[in-house]
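A.B. asks: Listed here are the chains, written in short residue letters.
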Amino acid sequence: MKYLIIGNSTAAVGCIEGIRRHDTTGEITVIAGEPHHTYSRPLISYYLQGKVSDLSYRPCDFYQLNGVTVVYDQAVSVDSENKSVTTADGKVLPYDKLLVATGSTPTVPDYSGLENVTHKFTFSTLDDALAIEKQLDPTKRVLILGAGLVGLKCAEGLVARVASVTVVVRSPKILSAVLDDASAKMVQTHLEHNGIAFKLTDDVSHFEHNTAITEKGEKIDFDILVLAKGMRANTHLLNGIAEIDRGIVVNHRSETTAPHIYAAGDCTQSNDASSGQSKVMALLPNAYLQGECAGINMAGAEHEVKNNIPMNAVGFFGKHIMTAGNYSGEEYVENQNGVYKCLFLGYNKLNGFILVGDTQGTGIYTNIIRNQIPLDTLDAESLCKTPSLSAYDKSTRQKIIGGTLE
Amino acid sequence: MKKVYVNEQWCLGCRLCEVHCTFSQTGESDMARALKDKELTSNIKVQTDNTHSFAVSCRHCDQPLCQKSCITGALSKDCGVVTVDTHRCIKCYTCILVCPVGGIAVGESGVAQKCGLCLQTTDKTPSCVKGCPNAAIVYEERG
Numbered sequence: 043m044k045y046l047i048i049g050n051s052t053a054a055v056g057c058i059e060g061i062r063r064h065d066t067t068g069e070i071t072v073i074a075g076e077p078h079h080t081y082s083r084p085l086i087s088y089y090l091q092g093k094v095s096d097l098s099y100r101p102c103d104f105y106q107l108n109g110v111t112v113v114y115d116q117a118v119s120v121d122s123e124n125k126s127v128t129t130a131d132g133k134v135l136p137y138d139k140l141l142v143a144t145g146s147t148p149t150v151p152d153y154s155g156l157e158n159v160t161h162k163f164t165f166s167t168l169d170d171a172l173a174i175e176k177q178l179d180p181t182k183r184v185l186i187l188g189a190g191l192v193g194l195k196c197a198e199g200l201v202a203r204v205a206s207v208t209v210v211v212r213s214p215k216i217l218s219a220v221l222d223d224a225s226a227k228m229v230q231t232h233l234e235h236n237g238i239a240f241k242l243t244d245d246v247s248h249f250e251h252n253t254a255i256t257e258k259g260e261k262i263d264f265d266i267l268v269l270a271k272g273m274r275a276n277t278h279l280l281n282g283i284a285e286i287d288r289g290i291v292v293n294h295r296s297e298t299t300a301p302h303i304y305a306a307g308d309c310t311q312s313n314d315a316s317s318g319q320s321k322v323m324a325l326l327p328n329a330y331l332q333g334e335c336a337g338i339n340m341a342g343a344e345h346e347v348k349n350n351i352p353m354n355a356v357g358f359f360g361k362h363i364m365t366a367g368n369y370s371g372e373e374y375v376e377n378q379n380g381v382y383k384c385l386f387l388g389y390n391k392l393n394g395f396i397l398v399g400d401t402q403g404t405g406i407y408t409n410i411i412r413n414q415i416p417l418d419t420l421d422a423e424s425l426c427k428t429p430s431l432s433a434y435d436k437s438t439r440q441k442i443i444g445g446t447l448e
Numbered sequence: 043m044k045k046v047y048v049n050e051q052w053c054l055g056c057r058l059c060e061v062h063c064t065f066s067q068t069g070e071s072d073m074a075r076a077l078k079d080k081e082l083t084s085n086i087k088v089q090t091d092n093t094h095s096f097a098v099s100c101r102h103c104d105q106p107l108c109q110k111s112c113i114t115g116a117l118s119k120d121c122g123v124v125t126v127d128t129h130r131c132i133k134c135y136t137c138i139l140v141c142p143v144g145g146i147a148v149g150e151s152g153v154a155q156k157c158g159l160c161l162q163t164t165d166k167t168p169s170c171v172k173g174c175p176n177a178a179i180v181y182e183e184r185g
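As they're listed, the protein sequences go chains A and B. Taking our numbering, I'd label the letters of the first sequence as residues 43 to 448. Taking our numbering, I'd label the letters of the second sequence as residues 43 to 185.
Rather than coming from a laboratory, the hints here were simulated on the basis of the structure. If you're wondering where the values come from, they're calculated on a predicted model, not measured in any experiment. Watch out, some of these pointers could steer you wrong.
[Claimed, not checked] Within a straight-line C-alpha distance of at most 30 Å, the following computed DSS-like cross-link-like pairs (lysine-lysine) qualify:
#1 B:80 / A:361
#2 B:133 / A:427
#3 A:93 / B:119
#4 A:162 / A:182
#5 A:93 / B:133
#6 A:361 / A:162
#7 A:182 / A:241
#8 B:44 / A:441
#9 A:227 / A:361
#10 A:93 / B:80
#11 A:441 / B:172
#12 B:45 / A:441
#13 A:227 / B:133
#14 A:182 / B:133
#15 B:133 / A:321
#16 A:215 / A:321
#17 A:436 / B:44
#18 A:441 / B:119
#19 A:441 / A:427
[Claimed, not checked] Quick list of simulated restraints, FRET-style, between CB atoms:
#20 B:165 / A:441: 23 to 33 Å
#21 A:381 / B:90: 17 to 27 Å
#22 B:182 / A:172: 49 to 59 Å
#23 A:441 / B:119: 20 to 30 Å
#24 A:360 / B:52: 33 to 43 Å
#25 A:133 / B:119: 33 to 43 Å
#26 A:103 / B:158: 20 to 30 Å
Idealized CB from N, CA, C, for every residue including glycine.
Pulled out of the complex, with its shape left as it was, chain B reads as follows:
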């Protein structure tokens, strides 16, 4: 299945992926208005050590430790995509404790938040991929 991959050598560290991901969550049409004074709550995060940068989001692991560890059953994997049922999340963050890449964050309302591959959008292309100015983030099938 297609997933989001990041080619580190092309990542500029510009964080536009974080901006576009946050914007896509608002459901608004005007980015400037939607994000004014808003903290970024993206599901993809640029990690950096000052010499190089790379964006990281959920890997939708074959055997997702977050899903197996979830104490309420709020996380599930359907058709290859790991998703959080935000109504069942009780904010214990066991998923954050076990995710080996740091791919789950605390969302605005306190519940666990993660990448769902923008499957709800009409063009079915993740917003981080569309928003990356250097094509460092790709949405493709890999072996």
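In isolation and in its complexed conformation, chain A is listed as follows:
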């Protein structure tokens, strides 16, 4: 059996580990677009911050131990009829089962004058971080466009190494995809105390060399520009081969609509168990679980992942944020002493949550959302106050603590 994996990040690693649980001899080839051992993308901001020097996602003997051949090259086309992939170097790699784990690419808006800006970067790869690092010194002024997780982790990573970091964001709040107004304000204040400046409800109208002129008419001089305006799934290799919406559409088995072709990670679109909607959930745990699921099925065993949801755990300067699910339904809110909790409840379900400042036991909430456990089987009142297994009835709890979870 010839397994071919396009991509060398989380979903690819999940796939390799999934395959090897069921097939220890099949040939696995990875096409790696970046010239690095598999590394953890979220670590690039920690690298800039000086908190980590080794970004490896798996030990250096990972490929060897798993019998994986890595081809450092770009995949340029998939031939689904002849079951092969062609690379930029002209290699034609055959497959029996193919995983597309091509990730996502930063979207760069078409700002007028952007072409004349010097030292402009996006922030999604190790090479991005290394290129930014070369420009860093304590006199530099950094302008970041976008206040999502990428923009803000970049800001955190840079602020101690430069003169200033200013973040311009079109939305009236930061982290608008994952936080509500109250928690966004709380996190913004914390980031401001740590030296990051924000311009909300504004965007760059155009650039005059290294000066940004905003829509509100403000002029911001900068030395380094980071564009963090969102990511787009890399779907192009399967154009005309499999169904593509905002991402490559996959089912619970990580299969695309094309035979023998699987997809996993940030390039895909799949079912959100918390809302029932098909969406791009570009998050590392989901990438691993989808990749692993693909690997198991590619190796001929049976596996489904039905309970992926949007979820994030992220810290900024020691303040921790956890979010999951969707934000529909009635709100249960606690907000005191720098700790914020908002649970979203409706239709007998816990739909989602936003927690800032206290993380203990949060997985108990996440599990209830992922598995869509009806609230009327739980002590919902105590659950809202504290995430505890005491919310379960005794026999369910005994199954959980008296046994081993699947």
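Assemble the complex: chain A is given as a structure, and chain B must be docked to it using the hints.
C.D. replies: Leaving out everything else, chain B in the frame of chain A:
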């Protein structure tokens, strides 16, 4: 393999398991001195709703979601035991976000901390098991 199990009907809610677990982490020989003015940082935690209590620690799941979700590869499962490489943990707490039982906590230095079944001890018996006065916590093989 042997794991720590809690028989809820015998749990007194006394939290001595938390005390013994915290003590075992200090490497000291005198409990009173080791734990004086120290906050408990146990890997086993008593959960209670005032009518009943039960201690919870890592289940060392067959398919550990914490390990699969770890963004740095700091968590691994070897010989059935899920462990954290504290040097690789970057304190994002994705493991805490996904653990369905609340079996992972923030340790003293901020890194993720969890039960390792006291495998480093000479008698290879978890300290929570040895310290439970009512034999509610057991270390045994179950199907």
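A.B. asks: Looking back at the numbered hints, which does the structure fail to meet, lowest number first?
C.D. replies: none
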